[in-house]
Amino acid sequence: MHNPAASRHRSRFRAPVALAVVATFALAACSNSSASGGGKYGFKEAKQSSSAQITVWIDSTRQPAADAYKKANPNDPVKVVTYDGEANGSGSFKTKMNLYDKAGSGWPDVVFSSQNNDASWASQGTNGAQAYAAVLNKGLVPDNTLSGWSKGSLDACTVNGQVYCLRNDLAQDVLWYNKTLMDQFGYTVPKTWEDYQALGDKVAQDHPGYIIGAVGDTFAEEIYMWSSQCQANDVTGARAITINTSSTGCTQMAGLLDKEIANKSITTDSVFTPEFVKAYTGKVLMMPGPAWYAGAIFDNKTSLNVPAGQIGVAAPPSWGTNAPVTGDVGGGTWFISSHSKNLALATKFAEFVTTDDAYQVDQAPGYPAYASAGQKWIAKQQSSGYYATDLSAITTAGGEVWSGWGAPTFSQEAIWAKTMTPVITSGGSIASNLGKWQTAIADQAKVDGYTVSTK
Amino acid sequence: MTTLHEVAADPGLPGRPPRRRPSGSHVAGALFVAPYAVFLLVFGAAPTCYALYLAFTKSGQGFAGISNFSHVIGDFRFGPAVAHVSLYLLSWVIALVVLVVVLAIMVHSVGMRWLSGSLRFVYYLPGALAGASAVLLWLFVLDPSAGPAGPLLRALGYHTFSQTIHPTHLPYIFAIISFWTGAGGWILVMFGALNNISPDIIEAARIDGASRFQIAWRIQLPSLRKWIAYMVVLSLAAGTQLFVEPTLLSQASQSIVPNDYSINQLAYQYAFNLNDFNGSAAIAVLLLVVALALSALFVWRGGLFTTEER
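Chains as they are written, first to last, in this note's numbering: chain S, 22 to 476; chain E, 1418 to 1727.
FYI, nobody ran anything at the bench for these hints, they're computed from the structure. One or more hints might be untrue.
As the list claims (entries may be wrong) - Below, simulated BS3-like cross-link-like pairs (lysine-lysine); rule was C-alpha separation at most 30 Å, straight line:
#, chain 1, residue 1, chain 2, residue 2
1, S, LYS65, S, LYS322
2, S, LYS117, E, LYS1475
3, S, LYS123, E, LYS1475
4, S, LYS223, S, LYS285
5, S, LYS322, S, LYS304
6, S, LYS65, E, LYS1475
7, S, LYS467, S, LYS117
8, S, LYS467, E, LYS1643
9, S, LYS172, S, LYS369
10, S, LYS159, S, LYS200
11, S, LYS467, S, LYS92
12, S, LYS304, S, LYS457
Stated by the list, open to error - To list a few chain S residues with every Cβ distance to chain E over 10 Å, as calculated:
#, residue
13, SER72
14, TRP128
15, LYS159
16, GLY237
17, GLN273
18, ASP377
19, THR417
20, SER424
21, GLY427
22, SER432
23, SER450
24, SER453
Computed from a predicted structure; not experimentally measured. For each residue, glycine too, the CB sits at the ideal point set by N, CA and C.
Given only the sequences and the hints, what does the whole structure look like? Please build it.
Okay, structure coming up:
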């Protein structure tokens, strides 16, 4: 006979059993970890099979790269998966790899990331799991291939002397300017930040409404602070960082920005907002910024849409007689999985998309990090006839990215955006908030396990 | 779990059970509850227990006492996240209680059927937009240069989107978004509750000379008490888990809204950015304890579980 009371009693008993079963499975998943180290390439390899299919993760912008590979190698077993490419630091790459680490399988063989700080975590195994990224400079990628990258472009991929990724493109900062307007106003292109500031003062007085820069974006610190050699992001080891926002590079640039923001020759609008386009179409005299500003802002119908023959490019300014250095805003990276069952094919793919002309010269939207491709790419842009000057400044700046600004696991852009952007947009002073910035970086660095020193 | 076999094997169950038979209604009740109970166990209770386990252990090191809790509470982002969510909850729940009750009573007192009906429909409409799409719509509304509220925002001195979403404004912005999406449903619930009050009582009060306000204050409001407590309990549970709004706003605002704004976001950062699932679980457990305590308070004060025979 059915007895409701007894059945209630039974189900009450079953619940913990079910829970225990679920918990056991969950625990079993966690405890599946493997040791790192060993192997002929500097990490423990999976069992290799030359016929194993590789899975490649790319963002939609990199689709032509995969297509170019398939066209050149139609018989290779390559499966392409599109994901968001870590856009805006979404963290999807890291999130998914953490979950695969927990599951013990499922890692893609090659991954493209639009961020340049992923090597900082991908090179480190956590909770006993093997680091996701394969070491590339211990024989996996030949040294004479690696030496073909532009000087300093693999810095973001290098942790403790080991290279963990291949740089896709560089986003070195240069000084963009409107040659037509500069000539019309009788200005010369500044070579130093001092001249830049003096010109800003002059523009504010004689041609109000025109601008010489913008600081409303998350990457403003990578344009101004980085190229000013501000010691806010000096990564000195895998988990060590030196932060000193009261160093000369920081205070000098903060002073410059405060002054030019106050006289409105530098705008606090983000260059990607409709307000910016509305207010400054035809009014941008100069704009320090990454190489990709050309296509993103100037030669873009939905942005400033500057006509052909006006935009020129000059070397980034430096302070006084300091050696010229510059910053860098992004630039993607390619990773090879240390768990790959077909490292040979994964490496072949990663080398192709970063170095082969079929993609990097013919189709890549950004300046290739691989030096010879970079030169050919510039020549191709030059022949478009859009620019008023030659583009050699971009190539030169590619080798001048200051190495004192590192690529830690956390995002400097996110910290700048949440601590400094509200200060700037509400009319506050950057110089008097450098301490706040310092604290914010140090706090975040400590949370991410960094040893912080202030020199 | 009572299974189908047990039901079928029960000889006390003929093809169709007669109404008001206690044992039959027990089986039917169990049948109705069973699917929910299964999902509750698999997706509610089991993860909760797993989180409890994670919160008190350290990966690869076994039992960790309260070290995960002290670690996350010591995180420089924890205090601000708690403050953000508290401020948001406070402004949202107060707005919800006051405005929903007032609006429900007002709509209820509207004599014209079509007007009352269409008002309820209009209130409910925003609720049809799911969380994420509502936020996207508000991104547009809050933009002084493009949104329909532009003139108002500019009059208040906000000329750019980043000025509108200044960190100090965020709790109120999130409260407005949540109110806008959630209030309509509650107005309907309150309206239904008001319909349950016997017209005789209202009629008697009116004959005794009670004004509209007195009827609302002395009859309608007290009889809504349980419903208000119910609304507060559910809203607290939802509100402490603030996640979608700040996450989307963070992406759309170029990170001016940080991605560790709320407690739940911080838990997400711990799990997927720091790869510290134990710390993440500790935050989740803290959140659960606080939400449970707050809910218990309202259940107790609101007499939610006191049953009365009708």
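The hints, checked one at a time:
no.: 1; hint: S:LYS65 with S:LYS322; in the structure: violated, 50 Å
no.: 2; hint: S:LYS117 with E:LYS1475; in the structure: holds, 21 Å
no.: 3; hint: S:LYS123 with E:LYS1475; in the structure: holds, 14 Å
no.: 4; hint: S:LYS223 with S:LYS285; in the structure: holds, 11 Å
no.: 5; hint: S:LYS322 with S:LYS304; in the structure: holds, 16 Å
no.: 6; hint: S:LYS65 with E:LYS1475; in the structure: holds, 25 Å
no.: 7; hint: S:LYS467 with S:LYS117; in the structure: holds, 23 Å
no.: 8; hint: S:LYS467 with E:LYS1643; in the structure: violated, 47 Å
no.: 9; hint: S:LYS172 with S:LYS369; in the structure: holds, 22 Å
no.: 10; hint: S:LYS159 with S:LYS200; in the structure: violated, 47 Å
no.: 11; hint: S:LYS467 with S:LYS92; in the structure: violated, 47 Å
no.: 12; hint: S:LYS304 with S:LYS457; in the structure: violated, 33 Å
no.: 13; hint: SER72; in the structure: holds, 33 Å
no.: 14; hint: TRP128; in the structure: holds, 15 Å
no.: 15; hint: LYS159; in the structure: holds, 25 Å
no.: 16; hint: GLY237; in the structure: violated, 7 Å
no.: 17; hint: GLN273; in the structure: holds, 25 Å
no.: 18; hint: ASP377; in the structure: holds, 33 Å
no.: 19; hint: THR417; in the structure: holds, 30 Å
no.: 20; hint: SER424; in the structure: holds, 25 Å
no.: 21; hint: GLY427; in the structure: holds, 18 Å
no.: 22; hint: SER432; in the structure: violated, 8 Å
no.: 23; hint: SER450; in the structure: holds, 17 Å
no.: 24; hint: SER453; in the structure: holds, 18 Å
Checked against the numbered hints above, the structure violates hints 1, 8, 10, 11, 12, 16, 22; every other hint is satisfied.
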